[in-house]
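Student: Chains as they are written, first to last, in this note's numbering: chain A, 146 to 481; chain B, 146 to 481.
Some hints here could point you the wrong way.
Note: identical chains are not told apart, hence a pair may lie in one copy or across any two.
Stated by the list, open to error - In silico DSSO-like links for lysine-lysine, alpha-carbon gap of 30 Å or less:
1) 402 with 263
2) 413 with 263
3) 263 with 409
4) 462 with 312
5) 263 with 312
6) 248 with 418
7) 202 with 263
8) 254 with 462
If you're looking for bench data, these hints aren't it; they were derived computationally from the structure.
The chain contents come next:
There are 2 protein chains.
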Amino acid sequence: MTVIKINKNSKGDGFKDFVYWLQEDLNSVNKLVLDNLTNTSSLISELSNHIINSGGKRIRPLLTLAIAKLCGYSGSRHIILASVIEYIHTATLLHDDVVDNSKKRRGKKTANFLWGNKSSILVGDFLLSKAFRILISDGSLKCIEIISRASEKISFGEVKQLMSVRKLETSESEYLEIIKCKTAELFSAACQLSSEISEISTDIKNSLKDFGIHLGVCFQIIDDTLDYFSEEKVFGKEIGNDFNEGKMTLPLILLYKRSNDKEKQLLKYLVNKEKLNRNDFSHVIEKMKKYNVKNDCLDKAKHFSVMAKDSLGLLPKSEGKVKIINLIDSLLSRKK
Amino acid sequence: MTVIKINKNSKGDGFKDFVYWLQEDLNSVNKLVLDNLTNTSSLISELSNHIINSGGKRIRPLLTLAIAKLCGYSGSRHIILASVIEYIHTATLLHDDVVDNSKKRRGKKTANFLWGNKSSILVGDFLLSKAFRILISDGSLKCIEIISRASEKISFGEVKQLMSVRKLETSESEYLEIIKCKTAELFSAACQLSSEISEISTDIKNSLKDFGIHLGVCFQIIDDTLDYFSEEKVFGKEIGNDFNEGKMTLPLILLYKRSNDKEKQLLKYLVNKEKLNRNDFSHVIEKMKKYNVKNDCLDKAKHFSVMAKDSLGLLPKSEGKVKIINLIDSLLSRKK
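Put together the whole structure using the sequences plus the hints.
Tutor: Okay, structure coming up:
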């Protein structure tokens with residue numbers, strides 16, 4: 146039985162195609178990311194290796210590589226900058242897993258589960274600092290600014306998210322602000338780094354910055370929707386994590402807004418309940434089906450994907466642009 | 146009853162004098178540190194305010210101010226750079242308290258105890274990023290390099306320390322390497338920032354860099370010694386924390402090295418014991434007295450304090466130099 150449905154725009158095509166297009170550069174990035182950790186302590190290199198090799202899609206560094214290619218950049222700095230993006234992303238994953246008390250990520254045991262919270266916090270700090278050290282060797286103040294801004298926004302977004310936990314009244318715009326900070330700013334930074342080192346106009350630079358934001362928001366909405374509507378074996382991690390943790394993501398926000406008083410009461414009870422069971426979660430899914438939450442979430446993700454595509458409008462037609470647009474479609478229709 | 150004994154070189158004189166000398170600049174730094182957090186989320190500003198105002202000595206930002214004065218710097222960038230140092234320090238304190246599971250710091254409840262580990266991790270991340278953002282506005286790539294290097298070293302040192310927990314065989318040189326990274330690099334960075342913005346020779350810049358390292362090592366040895374030999378009411382936090390956590394600091398390293406086989410066995414038992422009691426700790430203190438551990442630790446701290454003082458040898462005689470040398474003596478003889 147095939148779980149992942151493949152259509153002409155699905156990940157089966159668009160994403161693989163995208164990776165194939167950038168494979169050579171991606172190999173260089175992977176090598177650099179690991180090489181830069183070999184001369185540190187064994188704990189740092191083992192823990193980092195574990196999370197870096199745990200089957201992530203490398204979507205963020207791939208964006209850096211893609212935009213460099215799209216802008217006709219011909220040097221090798223994009224490899225270094227993509228590795229910086231991967232370090233920042235890895236650092237945030239390490240801290241997120243501690244904050245969320247996660248035991249699994251992408252079907253594998255988390256670093257905090259294997260090495261303990263302390264190690265994850267400190268190695269996360271190390272990777273963040275390492276990213277800045279690499280940027281300084283690269284030497285562009287503008288690139289450092291891009292990353293430090295993203296880094297500040299990420300932690301700001303995470304704090305905002307933490308403050309909204311179990312607050313069913315969280316608004317859709319608060320949610321959008323949170324995911325813009327915690328996810329989309331790094332997508333945008335990944336694009337900005339490459340546009341910064343390329344010889345392109347300010348208008349196109351601004352477009353690519355927007356492109357990253359829109360794509361990141363789209364990506365996170367899909368992620369949050371899959372946490373309710375994907376099957377575990379497809380999604381690769383336990384389903385219903387967000388609900389368990391009381392995270393106010395789009396599906397739950399929409400459900401609460403659309404629920405009647407009685408349903409609202411029940412949601413309040415569930416979201417504050419000590420230990421949720423499978424039935425509780427099934428009930429929530431049933432109500433979400435009643436109110437068409439899944440489709441509406443996907444429509445909203447699509448809305449941002451269209452904005453992302455249109456952000457590329459100033460760039461001339463090219464093979465790269467087609468690859469990137471296909472990537473967007475594949476992310477939109479991804480099942481995991 | 147006066148708990149703190151004051152002699153002509155003690156903190157009572159040297160430290161107060163030092164702060165008085167820099168009071169105006171310090172007020173500006175305190176204001177800037179808090180002002181920069183007002184436009185963030187309430188959690189970030191409340192949590193940061195709590196830890197920043199929890200009675201720390203501000204020794205690191207004070208060093209930045211002192212070195213600026215010592216080098217005849219006449220602008221205002223040292224205020225900004227001192228605030229960066231305070232942010233970095235605060236970020237590491239927040240993460241340290243989570244890693245050490247501390248409930249009290251300087252006699253007050255820790256942020257992780259009051260707001261939870263999650264908030265402390267994320268606000269720590271935010272402050273670290275904020276520090277880089279401020280540095281970028283300042284605009285000096287060299288200053289960013291100084292801070293990112295220190296930041297990398299700090300987390301590297303913390304990781305090393307974590308790996309040495311309960312390892313009684315840890316060597317004195319491993320210990321020195323750890324405290325150099327986790328403490329002295331930031332002391333050094335605090336000095337380097339001010340020497341960077343001043344018009345002084347490369348030789349003096351290098352001296353000031355060394356000065357910070359030596360002073361930081363001295364400071365940490367005293368800190369680690371006080372954790373065994375200070376009285377709680379003086380030290381301001383629970384005594385014996387390091388031993389409880391199995392941290393391999395200098396007093397324990399020296400004790401283990403000097404113990405006979407039977408004593409070594411008992412130390413191994415104690416360091417791995419689930420819950421230590423007051424008697425266990427008293428026993429350790431007794432053995433430390435037998436082997437003259439306290440005095441030898443203080444002598445080693447003094448050794449580094451002498452190196453710190455001599456690092457200032459290239460600088461001409463001045464009021465500032467006297468203040469700084471008195472500060473070193475006061476740190477060496479501090480009781481808390």
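Student: Work down the list of hints and note, for each, if the structure agrees.
Tutor: Do the hints match the structure? See the list:
{"no.": "1", "hint": "402 with 263", "result": "between (39 Å within a copy, 28 Å between copies)"}
{"no.": "2", "hint": "413 with 263", "result": "between (33 Å within a copy, 23 Å between copies)"}
{"no.": "3", "hint": "263 with 409", "result": "between (39 Å within a copy, 28 Å between copies)"}
{"no.": "4", "hint": "462 with 312", "result": "neither (45 Å within a copy, 62 Å between copies)"}
{"no.": "5", "hint": "263 with 312", "result": "both (29 Å within a copy, 17 Å between copies)"}
{"no.": "6", "hint": "248 with 418", "result": "both (20 Å within a copy, 28 Å between copies)"}
{"no.": "7", "hint": "202 with 263", "result": "both (26 Å within a copy, 26 Å between copies)"}
{"no.": "8", "hint": "254 with 462", "result": "neither (43 Å within a copy, 60 Å between copies)"}
In this structure, the hints that do not hold are numbers 4, 8, in rising order.
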